[in-house]
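Novice: Each chain, letter by letter, is given below.
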Amino acid sequence: MSPVTPPAIDMPTTGPHWPGSKPLAVHPAVPVRDPAFVSRVFWLGLALVLLWPLGVATEFRLWVLWEPDNRKVTADFVRSFWPLVHDAEFLQMLARETWRTVAMATAGVTLALALAIPLSLLATRVLSLSALSGRMDRGPAALRWCVRAVLVVLRSIPELIWALVFVRVVGLGPTAGVLAIALTYGGMLGKVYAEILESGESHATQSLMRNGSGRLQAFVYALLPSHAAELASYTVYRWECAIRSSVVLGFVGAGGLGQQLDNAMKMFNGGEVGTVLLVFIALVALADRVSAWLRKALA
Amino acid sequence: MKPLQQPFPRQAANLPYKLPPPLFDARCRACWFTAALGVLVVASFATLGLDWQAFVSMDALRSMGRFVAEFFPPDLSPAFVRKVAWASWETLAMSALGTAMAAVLGLALAVPASRLSPQDPAWLRRPTRWLLNALRAIPELVWAALLLISAGLGPMAGTLALALHTSGVLGRLFAEAMENVPTGPAAALRAQGVGPLRVFAYATLPQVLPQLMSYALYRWENNIRAAAVLGVVGAGGLGQLLSFHMGLFHMNKTATLLAAMLLMVACVDALSFAARRWMTR
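Residue numbers (this note's numbering), protein chains in the order written: chain W, 30 to 328; chain L, 2 to 282.
Pulled out of the complex, with its shape left as it was, chain W reads as follows (with noise of 0.2 Å):
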């Protein structure tokens, strides 16, 4: 291959940049091919052989999409989103279902945190008499260690089947949503209170408890004053994440939006299914705006 020869343009002898500067040269030596092709091209091979037993596993066969009576169904499926439904009886029902769903999820939030706030207090190590001098004693950390355990039991059982189980036990209805909600979140927000409480400077606390304070004098004065905002906001936007799960247990038969979108796809409801997809996607906007102001004013 000939060298690269800089092209013949006039250079001015001053660059228009300031003063006295050298002329802006284009460098010669561009390479022509990537320096790293090989190592690209070799990684990339090395990701394909690798995602390729994924692809069996998970019986990936992208083409079913466009077998002819698939795209059929498919086609049709979307074509009868248009008109969406907008009667004013639907609509009606649809409001009413939005606000079980918000509902479902301020229960859940309420009775998650009626679990988490003392479980929280039980599993913070800041709030132990007995580790003020050293160690702590062997029961009050047993008992710790047990509250944490609950706590990451609670959390690691996702919502929906929790949900799937109350569904057993109390019937369908928002009642076994908002429990599957305050079990999952009450674990949730009360290992992350935990970690909140104790991830600040404790000095205050301390000094409070070694001169004779109770525990919970102690958190009122010192430790919840420093971190109040962090817990907040932290709530908040577990509130948000419980809209969006509380419409998901919906299709477990929980009531609320995921409930009558259910219903819609089962019966190919094309245009009912849009307008329920719609309105959850402004549901779920709505919280996010909402949830992101408060936590910008509590901050």
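In case anyone wonders, no lab produced these hints; they're calculated from the structure. Note that beta-carbon positions come from the ideal geometry of N, C-alpha and C, so glycine has one too. Among the hints, erroneous ones may be present.
Said to hold, decoys possible - To give an idea of the chain L side of the interface with chain W (calculated C-beta under 10 Å), a few residues:
| hint | residue |
| --- | --- |
| 1 | A44 |
| 2 | F68 |
| 3 | L93 |
| 4 | A138 |
| 5 | I150 |
| 6 | G196 |
| 7 | L198 |
| 8 | V200 |
| 9 | V209 |
| 10 | G240 |
| 11 | M247 |
Fit chain L to the supplied structure of chain W, relying on the hints for placement.
Specialist: Frame of chain W, contents of chain L only:
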């Protein structure tokens, strides 16, 4: 004439003759906020018509106890355990493939959704962000239920659902990462007359790649948990087996499946904790 001596210093922290402030003040935003919160909570509980009797009565407790007792002993026959292991592998594969596809799709959407240089008109920025928001707003489970119609029952619908939802999430995160990157290298290349594609490939992408990887790994962790429950609507993995056996009241098998799910989530949590510790050390 000397001014009269005041009985108290004006700026005392707590004037002794003053009453505490009223509990509710129309100008206090926090008061309004607390009141609104109280109304929201009370209205929620009041309108839902929660069925407490079904839950706290003796009868319900007994039926709950019976329900839990039916779980034991879990079905540990080799044939079923093999089936559960396969379903767990399927769940993992769904989440990994879905996340990989979402990373590619998210990157492809993040480029039009970000303004890479001040001169960039970025016509597509707004519409692409709307698309990303819509992808993100619909949960995986709803995507899965929608995709069942064209992809049929099975893990492919779940994988596609994870890919779509996650590409909305990752696309937005990627776009934000790319907009916040130092602009020096890209500006240097652009001043040399290098085209936009090569500026992206050699200046922007190498700078953000570690961050993109960490976002993708974080979403993968979330997706493993999500993939475990996607099957409830019939989209494959552990969830499909779970809803099948729970529907038929095979409680022993359900117990095994729940244990497998818990084990998987715990493993993922522990691994990610260890990885994070190792990386931040």
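Novice: Next, verify each hint and record whether it holds.
Specialist: Taking the hints in turn, this is what the structure says about them:
Nearest Cβ of chain W to the Cβ of A44 of chain L: about 7 Å, under the 10 Å cut. The hint holds. About 6 Å separates the beta-carbon of F68 of chain L from the nearest beta-carbon of chain W, less than 10 Å, and the hint is met. Evaluation of the L93 of chain L hint against chain W yields a held restraint, the C-beta minimum of about 8 Å falling below 10 Å. Taken as an interface hint, A138 of chain L checks out: its beta carbon lies about 4 Å from the nearest beta carbon of chain W, inside 10 Å.
The beta carbon of I150 of chain L comes within 5 Å of a beta carbon in chain W, closer than 10 Å, and the hint placing it at the interface holds. Taking 10 Å as the C-beta contact cut-off toward chain W, the hint placing G196 of chain L at the interface is violated, the least distance being around 12 Å. At a threshold of 10 Å, the smallest CB-CB gap from L198 of chain L to chain W is about 12 Å, leaving the interface hint violated. Hint on V200 of chain L is violated. Least Cβ distance to chain W is approximately 13 Å, over the 10 Å limit.
For V209 of chain L, the interface hint is violated, since its Cβ never comes within 10 Å of a Cβ in chain W; the closest pair sits about 17 Å apart. Among the interface hints, the one on G240 of chain L holds; its C-beta lies about 8 Å from the nearest C-beta in chain W, closer than the 10 Å criterion. The interface hint given for M247 of chain L is met, as the beta carbon of that residue sits about 6 Å from the closest beta carbon of chain W, less than 10 Å.
Violated hints, listed in ascending order, are 6, 7, 8 and 9; each of the other numbered hints is respected by the structure.
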